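Asker: The chain contents come next:
Protein chains: 4
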Amino acid sequence: MIKAGIIGASGYTGGELLRLLVNHPNVKLELATSRSLAGKPVTSTHKHLEGFLDLKYENPNSENIRERCDVVFVAVPHGSAMDYVPELLDGDTKVIDLSADYRLETSVFEKVYETTHSDPRKTVYGLVELHPEAAEEDFVANPGCFPTGAILAAAPLAAAGLIDLAVFDSKTGISGAGISPTEASHYPNLAENITAYKLTTHRHKAEIFQELTKLDQKLRNINFTPHVIPSIRGIFTTAHLFINEPLSTDDLKTIYEGFYRDRPFIRFPSGVPSLSAVRGSNFCDMGFESDKENNRVIVLSAIDNLVKGASGQAIQNMNLMFGLDETRGLWLPAAAP
Amino acid sequence: MIKAGIIGASGYTGGELLRLLVNHPNVKLELATSRSLAGKPVTSTHKHLEGFLDLKYENPNSENIRERCDVVFVAVPHGSAMDYVPELLDGDTKVIDLSADYRLETSVFEKVYETTHSDPRKTVYGLVELHPEAAEEDFVANPGCFPTGAILAAAPLAAAGLIDLAVFDSKTGISGAGISPTEASHYPNLAENITAYKLTTHRHKAEIFQELTKLDQKLRNINFTPHVIPSIRGIFTTAHLFINEPLSTDDLKTIYEGFYRDRPFIRFPSGVPSLSAVRGSNFCDMGFESDKENNRVIVLSAIDNLVKGASGQAIQNMNLMFGLDETRGLWLPAAAP
Amino acid sequence: MIKAGIIGASGYTGGELLRLLVNHPNVKLELATSRSLAGKPVTSTHKHLEGFLDLKYENPNSENIRERCDVVFVAVPHGSAMDYVPELLDGDTKVIDLSADYRLETSVFEKVYETTHSDPRKTVYGLVELHPEAAEEDFVANPGCFPTGAILAAAPLAAAGLIDLAVFDSKTGISGAGISPTEASHYPNLAENITAYKLTTHRHKAEIFQELTKLDQKLRNINFTPHVIPSIRGIFTTAHLFINEPLSTDDLKTIYEGFYRDRPFIRFPSGVPSLSAVRGSNFCDMGFESDKENNRVIVLSAIDNLVKGASGQAIQNMNLMFGLDETRGLWLPAAAP
Amino acid sequence: MIKAGIIGASGYTGGELLRLLVNHPNVKLELATSRSLAGKPVTSTHKHLEGFLDLKYENPNSENIRERCDVVFVAVPHGSAMDYVPELLDGDTKVIDLSADYRLETSVFEKVYETTHSDPRKTVYGLVELHPEAAEEDFVANPGCFPTGAILAAAPLAAAGLIDLAVFDSKTGISGAGISPTEASHYPNLAENITAYKLTTHRHKAEIFQELTKLDQKLRNINFTPHVIPSIRGIFTTAHLFINEPLSTDDLKTIYEGFYRDRPFIRFPSGVPSLSAVRGSNFCDMGFESDKENNRVIVLSAIDNLVKGASGQAIQNMNLMFGLDETRGLWLPAAAP
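Protein chains in written order, with my numbering: chain A, 1 to 337; chain B, 338 to 674; chain C, 675 to 1011; chain D, 1012 to 1348.
Only chain A is shown next, with the shape it has when bound in the complex (with noise of 0.2 Å):
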C-alpha cells in the first residue's frame, strides 16, 4: 500500500483529496495536517467521512512527514507550498503539489504572483492529457481548476496551429473560493445572482497562457473571464475560438475525440454538457460547434472543480507516478441528478 499525506487537509481541496483516497485501493492514508486543527480529529470538520477515517489531524512538520509516506499532497495556500517542497523532496518520496507555486515558469510566476519565489525548480505540469511525461516524475505540479477546463477545450485547436484569438468565459462554482465564509460565498450574495472578477487580470490566464503555448508558439494572448455562479462545484468553460480555416462542427468532432484518443476521463457526450454528469468525478466533458456566419468554434467543457480540478487530477497524478492505471481509485461516475 502507498502510505500517503496531506499537508492542508482541513480545506476542500484536503477534504476531497481524503474523500477519494480512503477508498482508493492502492492507498493507505497516513497522516493528515492543519495547524489549526492539530489534535482533533478529521471527521470534526469533515463530517461526510465519518465512518472511514480515524486519523487525527496532525501539525506538520516535513521530516516527519517523509519519512512516513511515499507521497504528499501539498493542499495549502499558493506561497506557502514553496516552504514544504524542498524539505519533502528526498529523492524518494513522491509529491504532488496543489498550490500554484509550480506550476508557472520561475520568472512568470514571481511576475504574477508578485513575489520572489524561494525554491525555482523545473517541474512538470500535471494535466496528464497533455503532460503523461509525470508518470515519470517525483514531484508534480498540479494544474489550476480554470486552466484545466480552459486547456482542456482549447489544446486540439492549438495543437493543430488553428487558433487565431481565443476568449475563455468560465463560470465556476462556490467552492473555488474555499471553505471560509466570506462576501462573495455569503448565499444572499451569491444565489439567484452571478459575478464576475478579476476581469482581465486573474492569475489563472498565465497557466491558459503557458501551456497552449507550448502546442502553438504563434499565440500572442489568450483572453479570460472568469465568473461565479450559484453552484457549489463545477466550472464550465465557454471558449470562443477565433480560428484561422473553416472548420465544421463535423471537423471538430474528428479532431477532439482524435486528440483525445484512450484519455479515460475525456468524454464528448451529446449536446451541451452539463455539471451535473461531471459533479464529483473526475471527468472532463465536452462539446462544441462551428458558428457558420463568423470564423469561430464554440467549445463548451464541464468539469468539477475539486476533482479534475484539482484532488482527482491530483490522484490522477499519483496513480501514474506509482505506475498504476490512472483511473485506480477515480473510476467513479457522478451522482446525478
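Certain hints may be false.
As the list claims (entries may be wrong) - Keeping only pairs whose Cα atoms sit at most 30 Å apart, straight-line, the calculated DSBU-like set for lysine-lysine is:
#1 D:Lys1229 <-> B:Lys393
#2 D:Lys1229 <-> D:Lys1133
#3 D:Lys1067 <-> A:Lys253
#4 A:Lys253 <-> A:Lys214
Treat the hints as calculated values from the structure; they're not laboratory data.
No experiment lies behind these values; they were computed from the predicted model shown.
Dock chains B, C and D against chain A, hints included.
Answerer: Quick look at chains B, C and D alone, frame taken from chain A:
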C-alpha cells in the same frame, strides 16, 4: 387615466405588466386576456397580485379591445402578435408589442424566424435609450431581453466606431423561458448547474446586429452565445469587445457616462454590476474594464429580463408615447438582497 | 412630510427601511447612521438604492437625531437598542424599535437574553393585526420575524381558546441572520441543504408564548423549532395545532377570515401559501387544513422576513402612529416569480 | 457475479441503481428496461454513466428477465409493480420492489391507494435496520423515502414505548417527484421557496404508522406533513416526539446509540445532521435534543432520498439477500460540499 389592456396576460411578462401597472398613477387596467383561462380571476394564477386587481381573464377580441383601451400590450408568442397588431392599430389605440414579430426588418425576420410575415410594417425598435423617437409613435416593437442587455453594453463603443469584434457571452435566469415547465426549467436539471444553448444560432443575434450596425455600419458581424444560470430573473451580459484603438478604463467611463447622460435607468455602480441590485426593477447597471494586455474591453451589464428586458421597458415606452415622464410607475428600487 | 431617521442603517433591515421609505409619499428620509461607515454614501453599500437617495451615513447622536427627526427607526442589535431608546423619547419624537429589547416583559427579557435591562419600560408589541392600540403610542416594539409568522398563524384559534398543544416548525431564509458572512450563510453550507438550530431554545419562543397567552391564558407552553432553508428571504411557518374540539377546513376558513376581516395585509390564497407571492411585500399569506384523523389542524403562513417580519411592519406601525392608512407606502405586490 | 436487472431504469431511482451497481464488485448489470426508450443506449439519458456501461434499454418481458437475472429491481410507478412481481417470482430469481405496492398490509394498501391489489402477498418491509430478516427472503418491499427518514428517527423511542404523540415535519428535495418536469419542479416555483403538500393525507403516513406500531402497539396515530425545499436530493426529518417520561439529551444518546449499535449506515455526527454529509451516500445521519421545558424531544434525521431512501437501500437489501456484507458497493462517502 390611460385605459390599458394586455393580450396574453397569463405568462410571466403578462404578470409583470400587471404588477407594474396596478400601481401606475396614470393607468387603469381595463382588461387582460387569456384564451385558456377566460372567465377565471387573474389572481387565480398571479397569486401575488391578490388584493390589487379584480379582473377576470377574457378571450381576446381585437375590436372590443381597441374600443375599450387607450393602450394595448401584446404579450403573446412570436408569430402570434402579427395576428393582433394590424387589427388593433386604428389610428387611436397605441400598441406595444413584446414579441419579436416587429423588431427586425421584415426580410431579416422572415429568414431568422423561418416564416412569412403577414403584416410587414416599419416600426421603431423601442429601446428608448437609443430610440427616443418611440415617443412619437402609435406602435412600438419592444426589444428582446438578451438584445437589451447586449446592445446597451456595446452601443457607446459602436457609436464611436471603435469595435472590431464583439463577443457577447450572456447569462440569463430561467424565467425567460416562460411559465410552462420544461426540461430546461426542471429544478434538478438547472440547480447547481449552467447550460448553454443555441450556441451560435440564437435569434436574438439578429436584433443585436441590427441595432449595433445602425450605430456603426462597418461592423461585419457579432458573436452571441446565451447561457442559462440557476436564477429566476436577470440577464448578465459579458461583452468582450475588441477595439481598434487603446482605451483605458477611465476612457471607458467617460464614453459611457457621456453616452447615457440623463438616461434615468442606466447606472454605473462601483465594481461589478449585480443581478440583485436590479431584480424587479427597470435599471440596467453597467461596469467595464480595459484589458491592458489585449486590445479588449470588458463591458458588463445587468438587467431584470422581465422588467428592463420586457415589461418594464414596455411601460417605459408607453410613458413616452403618452407624454409622461419615462420613469412614471417604474421608479422602484430592487428588493435586495 | 414626516422626517425619518434610521439608527443602524447598514444592515438588511436598515436597507429594507430605506427601500420602502424612499418612495413613501409622506416621508422624507432625514438621516441614516452607521458607526463603521460614517461619511460614506448610503448607496456605497446599498447599491440597489443608487439614484433614490443622497444620504451619507452619520455617526449616531441621540440629541441631534431627535431634533431632526419626527420618527426614528432603531435597527441595531439586541442589547444595543436600550442605549438609544430612552434618549430619543422626548415626548415628541416617535420611536420604533426593531430589536428584541422591548418586546418582552422585562423580567422575561432578562431571563431569555441573560442580561439586565437598563431601561425597563412597558411597550406595545407592534403586531398591529393584534395590537391596533399601537396607533396611540409614541414608542412601539416591532415584533420578531419568526413570531410574526407564528403568532398570526395561531392567533385566531388561540383567541377562541381552542388550542391544546402547538408545534411551530418554522423555515426561514438566511437574510434573517444578517449581512455579515458566517458559516451558516456560506453558500456551500446552505445551498441544497436545510438546517435546524436552537432546536428547543430559540429566544423567539418567548415572544410567541407571550402573545398567544394574552389571547388564551390556558396555554401552558408552545413548541418552536426554527430551520434555515436555501432562500434569501421569507419565513414559512408550519403550525401543527392540536385542538380541543373538531374543526373542519371550512370551519377554519370561517374563523380565520372572520378574525382577520379588514386586515389588508392578511390574505388567504387558494392552496398552500408561497414565499414567492409575498417576497418583497408586507403580506402574510395563510392556508390551513384540518387533519381528519387527528385532532390537529395545520396552519401555514408565509411572510417576507425583512418586510412583514421587520421593516415593512415597522412602517405599518409608523403609518398608524401618524394617523395614516396602514398601507401607505407599503401597497406593493411581490415581484413573482 | 450476480446478474442484475432493472425494470424501469430511465427514472431517477433507476439511474441511481445503475450508478451504484456499475461499481458493485459482485454484480454484473444484465439488463435495464424502459418501454419508451427501448433500443436506445442507457447513457443517452443517464449521461453521467457514459463510459460505465454499454446497455441499451429493452422492453420489459418478465419471462426473459427472470431467466437472465439473479436479482431484479422493480422501479416502476406505484400500481404497476404488481403487474411484474408475481411473474418474476419463480423461486429462484430474487426481487426487490421499490414501489409502494407491497409495503403495506394489503387491506391498508387498498384503502390508502384507493385501488384493488391484484397480488396480495405478505412481504418483509426492507428497512434492514429494523428488519434484518430481509436477508432470508426472495422478495422484499423497499421502503418509501419519507418513511425511511421518519421511522429511523422514531424507532428507538417507539421500541421503548416512550412516545405519546409524534409529529413528523419532513423536508424533501425535489428529485423525489421524479424525472419529468412539473409545476412543482419548475425552477421559478421552487427556487427561493418552500412548499408543503398533502398536509395531512400523504400516503407515506400509513407506512410510518405501520412500522412504528409494530414497535409500539399503543401508538394511536402519528402526524406527518411533507414539504419540498429547493434541493435536488435529500430528506431532512424533524420529528417532534412528545414522550411519557423525562429524558435528557444524554439519555437520548444512550438509547439511540444502543438501538443502532453495529448498524453501519446509521451515524450520529456532532451537532445538527446535514444533507450535504449524506448526499449521494447510503447513510442516515441523526441528531437529537431534549426540550427541557416540554415533554418533547426533537430527533433530526438526514438521508439522501434516492440512496438510503430508495436505490441504496434496495442494494443494501440485495446484499443481505445474497449473503454479502450489507455495505458492499455502498461504502461511499458523500461528496461534500
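Asker: Each of the hints needs a verdict: does it hold here or not?
Answerer: Outcome of the hint check:
A C-alpha spacing of about 53 Å is found between D:Lys1229 and B:Lys393, which places the hinted pair above 30 Å, so the restraint is violated. A threshold of 30 Å between alpha carbons decides the hint, and for D:Lys1229 with D:Lys1133 the separation of about 23 Å falls inside it, so the pair holds. Distance check on the hinted pair: D:Lys1067 and A:Lys253 sit about 24 Å apart at the alpha-carbon level, within 30 Å; holds. Straight-line distance between C-alpha atoms of A:Lys253 and A:Lys214 comes to about 23 Å, which keeps the hinted pair within the 30 Å bound.
Of the numbered hints listed earlier, the single one contradicted by the structure is hint 1.
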